[in-house]
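Protein chains in written order, with our numbering: chain A, 60 to 273; chain B, 60 to 273.
You may find that some hints are simply not true.
Any copy will do: because identical chains look the same in the list, a pair fits if it lies in one copy or spans two.
[As the list claims (entries may be wrong)] Listed next, the in silico DSS-like pairs over lysine-lysine satisfying Cα-Cα at most 30 Å (straight line): (1) Lys256 x Lys208; (2) Lys256 x Lys86; (3) Lys243 x Lys117; (4) Lys117 x Lys208; (5) Lys86 x Lys243.
Just so you know, the hints here were simulated from the structure itself, not pulled from any lab data.
Every value quoted in this text rests on a predicted model; they were computed, and no experiment measured them.
Protein chains: 2
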Amino acid sequence: MEIKVVRNILEANDRIAAQNRDLFTEKGIYVLNLMGSPGAGKTSLLERTLEHLKKRRKIAVIEGDIETSRDAERIAHFNIPIVQINTGGACHLDGNMVRGSLAELSLDHLDLLIVENVGNLVCPAEFQFGENDRAMILSVTEGDDKPMKYPLMFQVSSVLLLNKVDLIPYLDFDMERFQADALKVNPKLQIMAVSCKTGEGLNAWFGWIEGQLA
Amino acid sequence: MEIKVVRNILEANDRIAAQNRDLFTEKGIYVLNLMGSPGAGKTSLLERTLEHLKKRRKIAVIEGDIETSRDAERIAHFNIPIVQINTGGACHLDGNMVRGSLAELSLDHLDLLIVENVGNLVCPAEFQFGENDRAMILSVTEGDDKPMKYPLMFQVSSVLLLNKVDLIPYLDFDMERFQADALKVNPKLQIMAVSCKTGEGLNAWFGWIEGQLA
Numbered sequence: 060m061e062i063k064v065v066r067n068i069l070e071a072n073d074r075i076a077a078q079n080r081d082l083f084t085e086k087g088i089y090v091l092n093l094m095g096s097p098g099a100g101k102t103s104l105l106e107r108t109l110e111h112l113k114k115r116r117k118i119a120v121i122e123g124d125i126e127t128s129r130d131a132e133r134i135a136h137f138n139i140p141i142v143q144i145n146t147g148g149a150c151h152l153d154g155n156m157v158r159g160s161l162a163e164l165s166l167d168h169l170d171l172l173i174v175e176n177v178g179n180l181v182c183p184a185e186f187q188f189g190e191n192d193r194a195m196i197l198s199v200t201e202g203d204d205k206p207m208k209y210p211l212m213f214q215v216s217s218v219l220l221l222n223k224v225d226l227i228p229y230l231d232f233d234m235e236r237f238q239a240d241a242l243k244v245n246p247k248l249q250i251m252a253v254s255c256k257t258g259e260g261l262n263a264w265f266g267w268i269e270g271q272l273a
Numbered sequence: 060m061e062i063k064v065v066r067n068i069l070e071a072n073d074r075i076a077a078q079n080r081d082l083f084t085e086k087g088i089y090v091l092n093l094m095g096s097p098g099a100g101k102t103s104l105l106e107r108t109l110e111h112l113k114k115r116r117k118i119a120v121i122e123g124d125i126e127t128s129r130d131a132e133r134i135a136h137f138n139i140p141i142v143q144i145n146t147g148g149a150c151h152l153d154g155n156m157v158r159g160s161l162a163e164l165s166l167d168h169l170d171l172l173i174v175e176n177v178g179n180l181v182c183p184a185e186f187q188f189g190e191n192d193r194a195m196i197l198s199v200t201e202g203d204d205k206p207m208k209y210p211l212m213f214q215v216s217s218v219l220l221l222n223k224v225d226l227i228p229y230l231d232f233d234m235e236r237f238q239a240d241a242l243k244v245n246p247k248l249q250i251m252a253v254s255c256k257t258g259e260g261l262n263a264w265f266g267w268i269e270g271q272l273a
């Protein structure tokens, strides 16, 4: 039966994710899984985060993309270790892909590993790879109806960064409805309204990461 | 008007897609698969298209969503046959899901069946269900780098509707680069710059559909 096959794949993934998690714990590395639709602002958030944290913490990045290494190139000037995973068609990262990429990183003396997942509001939410937290980023341009229509990513995330709030004056975006729906789906979700373009609201995000690292 | 909800178990099945195609051909129905990220504007485009074509053609709609029937409710006032498929977690429609939903539609005397796929820039491109053409809609807010990073949907689509062009003044969107990249990925792709909000550019789209129906 098809459902059984899917379940087995997820179980196999969870086993590898647990092994990764043990390794990260042993090395004292906090691992963040950054998820969201294409164009939501994952790489922009990463740039802002690296600008802020680079001098205080030892950071490495894993970039997940179906093809190209454009995102990795965008952050290459930060001069930190970066591994690019090209999934070759797969719409999410999984435990095995991340496991395979760890050989390219020196895990000793690392504080923070940020993994930018493949741009997709659906599938990445189903596959853990051993991370400590999942953060999702959603652009206001995607619409205020997303928590109810795509609930899983909202459910599994610790933080939701609502990005591009500088565009709200030009959109029909009902912030109250959005926040109410997001919290209905996940009452523990921390929602931060930000603009990676103007910098608005990012201090809350930096504070949150520092808190997780501490 | 009552919206029919059909729940399906995912079962990738190209054979069923071919059977669907035979059935559509036999009934003389032109079938369009509308794909794009969450929030790209699929339902808005559908609304505009129904406004324009409803009096001239017999149209039915299949709405694909992971959960909810919100999109179906948005177009219920058009008083045309609508079937809602809830994929129950699956990130795309496939031949079997569409096949299962056809029992809810009267296929005789139908000119056009528009299928709004699950919001996702990746997976829907991999699964046909017997459609004549695939049209993708991408919002300028998703960024000008998408053709190279998510090439498959661009490759399999006949038409690309670049939506929300009214927001370009507030974004860093390089139209020349975008068009060049999209055509590099698919030299036959017909690109139409539109705004479902203002109506800009939609006549080209209506003309294209009329041409396919003729």
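The hints, checked one at a time:
1. Lys256 x Lys208: both (27 Å within a copy, 21 Å between copies)
2. Lys256 x Lys86: Answer is neither; intra-copy 34 Å and inter-copy 51 Å both fail.
3. Lys243 x Lys117: neither (36 Å within a copy, 39 Å between copies)
4. Lys117 x Lys208: between (37 Å within a copy, 28 Å between copies)
5. Lys86 x Lys243: neither (36 Å within a copy, 44 Å between copies)
In this structure, the earlier hints numbered 2, 3 and 5 are contradicted, and the remaining ones agree with it.
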